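Residue numbers (the working numbering), protein chains in the order written: chain A, 1 to 396; chain B, 1 to 396.
Take the hints with a grain of salt, since some may be wrong.
A few chain B residues that don't get close to chain A, going by computed Cβ distances all over 12 Å [unchecked claim]: (1) 82; (2) 114; (3) 157; (4) 196; (5) 216; (6) 286; (7) 334.
Capping the alpha-carbon separation at 20 Å, the derived lysine to aspartate or glutamate pairs in DMTMM-like fashion look like this [claimed, not checked]: (8) B:27 / A:158; (9) B:27 / A:337; (10) A:27 / B:151; (11) A:27 / B:74.
Computed spacing ranges between beta-carbons, pair by pair [what the hints assert, rightly or not]: (12) A:90 / B:18: 33 to 41 Å; (13) B:197 / A:10: 18 to 26 Å; (14) A:339 / B:90: 41 to 49 Å; (15) B:283 / A:123: 49 to 57 Å.
These are calculated hints, taken from the structure and not from any lab test.
These figures come from a predicted structure and were not determined experimentally.
For each residue, glycine too, the CB sits at the ideal point set by N, CA and C.
Protein chains: 2
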Amino acid sequence: MTGNPHPFTLARRAERMNPSIIREILKVTERPGIISLAGGLPSADTFPVHAMREAAARVLTDAPREALQYAASEGFAPLRDWVAAHLSEQHGMDIAPSQVLLTTGSQQGLDLAAKILIDEGSRLLVETPTYLGALQAFTPYEPLIQAVDSDHEGPLPDALAQAAPNARFAYLLPNFQNPTGHVYSEARREAIVAVARERALPLLEDNPYGDLWYDAPPPRPLAARHPQGVLYLGSFSKVLAPGLRLGYVIAPPAIYPKLLQAKQAADLHTSILNQRIVYEVLRTGMLESHVPSIRARYKVQRDAMQASLERHLAGVAQWVKPVGGMFFWLELREGLDAVALLPRAVEAGMAYVPGAAFYAQAPRANTLRLSFVTASPAQIETGIAALAGVLKAAQS
Amino acid sequence: MTGNPHPFTLARRAERMNPSIIREILKVTERPGIISLAGGLPSADTFPVHAMREAAARVLTDAPREALQYAASEGFAPLRDWVAAHLSEQHGMDIAPSQVLLTTGSQQGLDLAAKILIDEGSRLLVETPTYLGALQAFTPYEPLIQAVDSDHEGPLPDALAQAAPNARFAYLLPNFQNPTGHVYSEARREAIVAVARERALPLLEDNPYGDLWYDAPPPRPLAARHPQGVLYLGSFSKVLAPGLRLGYVIAPPAIYPKLLQAKQAADLHTSILNQRIVYEVLRTGMLESHVPSIRARYKVQRDAMQASLERHLAGVAQWVKPVGGMFFWLELREGLDAVALLPRAVEAGMAYVPGAAFYAQAPRANTLRLSFVTASPAQIETGIAALAGVLKAAQS
Numbered sequence: 001m002t003g004n005p006h007p008f009t010l011a012r013r014a015e016r017m018n019p020s021i022i023r024e025i026l027k028v029t030e031r032p033g034i035i036s037l038a039g040g041l042p043s044a045d046t047f048p049v050h051a052m053r054e055a056a057a058r059v060l061t062d063a064p065r066e067a068l069q070y071a072a073s074e075g076f077a078p079l080r081d082w083v084a085a086h087l088s089e090q091h092g093m094d095i096a097p098s099q100v101l102l103t104t105g106s107q108q109g110l111d112l113a114a115k116i117l118i119d120e121g122s123r124l125l126v127e128t129p130t131y132l133g134a135l136q137a138f139t140p141y142e143p144l145i146q147a148v149d150s151d152h153e154g155p156l157p158d159a160l161a162q163a164a165p166n167a168r169f170a171y172l173l174p175n176f177q178n179p180t181g182h183v184y185s186e187a188r189r190e191a192i193v194a195v196a197r198e199r200a201l202p203l204l205e206d207n208p209y210g211d212l213w214y215d216a217p218p219p220r221p222l223a224a225r226h227p228q229g230v231l232y233l234g235s236f237s238k239v240l241a242p243g244l245r246l247g248y249v250i251a252p253p254a255i256y257p258k259l260l261q262a263k264q265a266a267d268l269h270t271s272i273l274n275q276r277i278v279y280e281v282l283r284t285g286m287l288e289s290h291v292p293s294i295r296a297r298y299k300v301q302r303d304a305m306q307a308s309l310e311r312h313l314a315g316v317a318q319w320v321k322p323v324g325g326m327f328f329w330l331e332l333r334e335g336l337d338a339v340a341l342l343p344r345a346v347e348a349g350m351a352y353v354p355g356a357a358f359y360a361q362a363p364r365a366n367t368l369r370l371s372f373v374t375a376s377p378a379q380i381e382t383g384i385a386a387l388a389g390v391l392k393a394a395q396s
Numbered sequence: 001m002t003g004n005p006h007p008f009t010l011a012r013r014a015e016r017m018n019p020s021i022i023r024e025i026l027k028v029t030e031r032p033g034i035i036s037l038a039g040g041l042p043s044a045d046t047f048p049v050h051a052m053r054e055a056a057a058r059v060l061t062d063a064p065r066e067a068l069q070y071a072a073s074e075g076f077a078p079l080r081d082w083v084a085a086h087l088s089e090q091h092g093m094d095i096a097p098s099q100v101l102l103t104t105g106s107q108q109g110l111d112l113a114a115k116i117l118i119d120e121g122s123r124l125l126v127e128t129p130t131y132l133g134a135l136q137a138f139t140p141y142e143p144l145i146q147a148v149d150s151d152h153e154g155p156l157p158d159a160l161a162q163a164a165p166n167a168r169f170a171y172l173l174p175n176f177q178n179p180t181g182h183v184y185s186e187a188r189r190e191a192i193v194a195v196a197r198e199r200a201l202p203l204l205e206d207n208p209y210g211d212l213w214y215d216a217p218p219p220r221p222l223a224a225r226h227p228q229g230v231l232y233l234g235s236f237s238k239v240l241a242p243g244l245r246l247g248y249v250i251a252p253p254a255i256y257p258k259l260l261q262a263k264q265a266a267d268l269h270t271s272i273l274n275q276r277i278v279y280e281v282l283r284t285g286m287l288e289s290h291v292p293s294i295r296a297r298y299k300v301q302r303d304a305m306q307a308s309l310e311r312h313l314a315g316v317a318q319w320v321k322p323v324g325g326m327f328f329w330l331e332l333r334e335g336l337d338a339v340a341l342l343p344r345a346v347e348a349g350m351a352y353v354p355g356a357a358f359y360a361q362a363p364r365a366n367t368l369r370l371s372f373v374t375a376s377p378a379q380i381e382t383g384i385a386a387l388a389g390v391l392k393a394a395q396s
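I would like the entire structure built from these sequences, with the hints used as guidance.
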């Protein structure tokens, strides 16, 4: 008898599932004394703690029986109304509350979309690089994931058009993408939507970072331009708090019922206590002042990291200053391997995330991601100086 | 151009997904004035509202940043410890906290287990009848679902043994099953575990109702008898509140990592705010007095429904008085169709759930489920009298 004998046969898809490389890296790097620029977490300083506490007390005083009972799979009706109104007013989308499905974080939106759209062997298109969590959500459904050539404005329209025939969907992050921070220009958005229309290519648009702009708001979402052809994912994680696990999907009416059935099968509904707390916070209009305060904070830190990078890494790495989101994306000299260098960086007192994990195909070893939202400007300066020492030593 | 043109191609599995028949029925029957014995909801009178409000305030005062930030996919460590200790002390299971995965309700446990264990065409074994929500969780993974002959003590061991070869798992609800209320005897549990060991048949044991016993506690879980061969699902929905969406899976160590990867892909982690609130409630030991108070309340209602059934339906329907859980299961005279009769029952002022939806194969039309936990004894009496009128008219 060996180790832990058990009778279970795993599904084929389980063989393709892997532990999150980033979570494994974070375990190594989150030692005391290390300046971590590796995390993908928002700053806890931005959480509206007082408003959340008040809202929780109010919900559990005014409607405790409803907040603790089973609830509709679609989500809390006033919150669906709020989301529809918010997206219509703020993002130029013309949607009905009946198109809103509340999800257990937008990660669940990725899982549900994958569940209803991917068969074994279905071809999906993703950016180069793309969000790792999406690759993890899609992989269990056994698709072929094809990386589409991309530049600093997103996927190249010609490449997208060429890859489009019979693809089940293209997964796109137009605003301040994780990991690169890139934003699609107005022209690129129009070109991508034109391709989607011409080639009948469905789009899965993921927009967790859209409200985190520091210079000017991004152009309108793809979903505002092509409502019948886009499944749109949104999240409260970056503008309120991620621990609540609350996001939403906007679906074309013809797709909504299947998404809802997948939601029922997955977890019946998202915590109604959390939905009611968030609605209680939102209905006061607090986002109108809260989101600008997050922007102001993160902009200072973005500028601090830009200054530190210019000071220490000019000529050593290349980057585009992000105009929103949480990340800088660095390209190192060809031949350098960010995975191999990470232990030296940790030794020197800082941590980053190697970029290779974000590629669906042909990972580029000479890339890395830096978060500017959780470290202070002083920590950022120290961390970037330490990184520069490691990179310069590796190059010489 | 027709209706809502859209470019999406649905996955094959989406064709097999259906709206919850019960949810559709509930929409029809939850009119004002109807005595609904149809719901599967616990009574909101049992929710520990005061304790939840206090706990929420404490969590959002003492640890707001941690309660609102991203958290570990495995779940909140003190709550995993609590679950492991609770199951060891109360249910004779010998498990480590490292085997506990907190889930977004036990419905998510069903989905995750299905995701790692089912390939297209995999054969699963279920009871006759079985829990509808489990059928909904399994179906998207395209299994062949085989119903195993069952009596009032669960599946017949010989039938289970015969169906075992190459089955991916048997899904079993030993305690006060939804819909039948049946409980496996000690002897049946031993016989089923013997079959599972001999035939290397993995078991998925679902125990949402185990604490709701009214006469004597049920025998030990299957997982206590055969730890390496059982994935065990538990829930806080029936002993605290379902609106939180909080459950757990206990997995053999060899299976745990794949389940965890599936969890990460599905929703990253379960609301850490809710996990901390529940832990705050549990750590005071309140369950020790709270669960007996739920039992006392539901026992009165169980007895009221038994008395009403004896008064009005003796000779018209057959049932076994449930010793736990939330439901009576009625068998009507052959030839009667509970789906066809439901509109007449609603007309007469009451509602039930027809039993046919709970069968994976060969639905029995002459069955129905009655919940005794949300209606008062007076409402139960009125509702059962109305049902009796409908059934007697249909028989004559």
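Distance restraint evaluation - residue 90 of chain A, residue 18 of chain B, Cβ atoms, bounds 33 to 41 Å: Given range 33 to 41 Å: holds, Cβ gap about 36 Å.
Far enough from chain A: is every CB of that chain over 12 Å from the CB of residue 82 of chain B? With a cut-off of 12 Å, residue 82 of chain B remains clear of chain A, as the shortest Cβ separation is near 19 Å.
Straight-line Cα separation of residue 27 of chain B and residue 337 of chain A no greater than 20 Å? violated (58 Å)
Does the claim that residue 114 of chain B lies outside the interface with chain A hold up, using a Cβ gap greater than 12 Å? violated (9 Å)
Would you say the C-beta atoms of residue 197 of chain B and residue 10 of chain A sit inside 18 to 26 Å of each other? Given about 20 Å between the Cβ atoms, the range holds.
Going straight from one Cα to the other, do residue 27 of chain A and residue 151 of chain B come out at no more than 20 Å? violated (50 Å)
Closest CB of chain A to the CB of residue 196 of chain B still more than 12 Å away: violated (7 Å)
For the hint 41 to 49 Å, verify it against the beta carbon of residue 339 of chain A and that of residue 90 of chain B. Roughly 46 Å apart at Cβ, these two residues keep to the hinted range, so it holds.
Distance restraint between residue 27 of chain A and residue 74 of chain B, which requires alpha-carbon spacing of 20 Å or less: It holds: about 14 Å lies between the C-alpha atoms, which stays within 20 Å.
Holds or violated: is the Cβ of residue 216 of chain B farther than 12 Å from all Cβ atoms of chain A? holds (29 Å)
Determine whether the non-interface label on residue 334 of chain B survives the test: each CB of chain A must be over 12 Å from its CB. holds (32 Å)
Assertion that residue 286 of chain B lies outside the chain A interface [Cβ separation over 12 Å]: holds (15 Å)
Against the hints set out earlier in the document, violations occur for numbers 2, 4, 8, 9, 10.
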